[in-house]
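Hey, can you work out the whole structure from these sequences and the hints?
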Amino acid sequence: MVRADRFQRDEGVDTKPMNIVVPIKLVPDLVEELEINEDGTDIDREFLTYRINEFDDHALEEALQLKEKHGGSVTVLALESEETDKVLYTALAKGADRAVKVTGLPEGLSSHALARTMGQALSNIDYDLVLVGVQAADDRDGQLGVLLGKTLGIPHLSVVTDIAVEGNTLTLHKEYAGGIMAQFETEPKVVLGIQAARVIPRYAPVSRVRQLMKEAELDEVEASDIDLGSGTSVRRMYTPTRGEGAEMLEGDAEEIASRIADIINEKRS
Amino acid sequence: MSQDILVVVEHLDNVISDVTFELLGKGRELATATGGKLLAAVLTSSAQSLAEKLGVADQVIGVEDPQLQHFNPESYLTALSSVVEKKAPRLVLIANTSMGMDLGASLSVERNLPLVAYAADVEMEGDAAIVTSHLYGGKIYSESVLDADSGIVSILAGSFPAEPGKKDGTPELEILAAPPALSDTRLRFKSLIQPEAGDVDITQEDILVAVGRGIQSEDNLPLAEELAKALGGAVCSSRPIVDNKWLEKNRQVGKSGLKVKPRVYIALGISGAPEHIEGMKDAELIVAINTDETAPIFEHAHYGVTEDLFDIVPALTEKLK
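Protein sequence lines correspond, in order, to chains A and B.
Taking the working numbering, the leading residue of the first sequence gets 1, the next gets one more, and so forth.
Taking the working numbering, the leading residue of the second sequence gets 1001, the next gets one more, and so forth.
Source of the hints: derived by calculation from the structure; they are not laboratory data.
Computed from a predicted model, the values in this text were never measured in an experiment.
One or more of the hints may lead you astray.
Unchecked claim - Straight-line C-alpha distance at most 25 Å; calculated PhoX-like pairs for lysine-lysine: (1) Lys1245/B - Lys267/A; (2) Lys1245/B - Lys189/A; (3) Lys69/A - Lys1245/B; (4) Lys16/A - Lys86/A; (5) Lys267/A - Lys1321/B.
Have a look at this one:
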């Protein structure tokens, strides 16, 4: 008896290679302490370290997995900033074919403006599939993937955890609460908000990234006439006041462990 | 534009999601502040049975079509957009969930309405709605001013109590004609897939030891397992651990995982992003261990420890054995 499970399902011989684009957003490294700027309406961006949005890293990995299985290409896109080159060269070192830096825009762009920008950059790229991280920690005005799909006039699906390809048909799993999933089918073009890649995102060897920084070129496109508005303004940004929350336990490991054990035992008794 | 508040009713398999009642409760308050009506938008194949649960609303606006039996980003947007066009509400409240994310942001582009996401609170101040969002994993709060005639607020589940939004009884039900474009979708819904029953049901456990990114490596999981064993509980986790395939999906607590309410919840190396808090904030006793003293988890925990979990956990396990 032949069982058509997902691993066989997408081995179709006539599967068309897809050109996949992964728009990458750089976000502040949340391991560092975030501070508020002088007028209290944004985080202080001066000394921040940025890194790839973790969900975008999953989107890139899923794109590379699809390319390795079915052929095609992977193009990464990111707005210019201090750390952009490193992020884009890292993506090339992982296996992306082309990296495009979008220049001419300020930092801290709204999701709406970022979607317009990425939409404009995509107008000159031949693509079948756009994979983007399902969300980012600073999506104050909505998630990029959905906004980008609407901007491009193509369908979008968020919280995607599984992509299978057969012929020209994509079978997708969208995750709901409680581990329930919905299965959808569609044909390219489509924007997918990736929750998690099928495997843990790969690491790029630092030596390979350095080598590419010397040898490879990043493409550049300049954004023009982007409407930067999002329709809302921030009147205040702040760090929530601490102290009303947990009672903090102090001391050495033994003392703290004893306190916790007492607290739990009291609750259990 | 009207002063009405429109709540988008989320349902799965013909059951209204809890978050909908949270939004309805808040919507009731906001409608009192604006002097408008509280409207509930029901997009489904048959609105009557869902409308019976929406007694708190002044009016239920239904769009019915077989195509709307299950969520589809395209057909739902077409239907919702027609409701918003017809009713021109002051605010659209939508859940910041898997479905709501697809719907809220696309409605924003479709109808050219401003959107504020990750919202944990909304208040009217004069003519403006002030929306508090939890950003950067809950480490920073922002207050957005929504002062356009109409706008969308995408609200995190668990932000408001559900009780005020629950009232049986069918309000006035108005069915709008289904827009012809409804079945013109390129995405096709195929089926719902229920999760496989795992080895353990964390929603039934009295004691949970939860691990997050701070556990650092899959090799450190036995630390948590031994503590859970000493307590007679089970191990669960935040999303990154499951995305990294260190634990099975049935162990995930939070937005795309499970909602738990154990007697004791020990959070190891969990920062407490809103998506996680949503799944565990009702635990009776929460103890959080995290070296980052600014981690939002400490806002929700009863007891907090900023010492290294790799020192505390073995000592704690030893004492509980």
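> Going straight from one Cα to the other, do Lys1245/B and Lys267/A come out at no more than 25 Å?
Replying inline: The hint is violated at about 32 Å.
>> Need the status of pair Lys69/A, Lys1245/B: alpha-carbon distance at most 25 Å?
In response: 21 Å, holds
>> Check whether the Cα positions of Lys267/A and Lys1321/B lie no farther apart than 25 Å.
In response: 16 Å, holds
>> Checking one constraint from the list: CA of Lys1245/B to CA of Lys189/A, max 25 Å. Satisfied?
In response: 29 Å, violated
> Is the hinted pair Lys16/A and Lys86/A satisfied, with a Cα-Cα distance of at most 25 Å?
Replying inline: Roughly 31 Å separates the two Cα atoms, so the pair is violated.
Violated hints, listed in ascending order, are 1, 2 and 4; each of the other numbered hints is respected by the structure.
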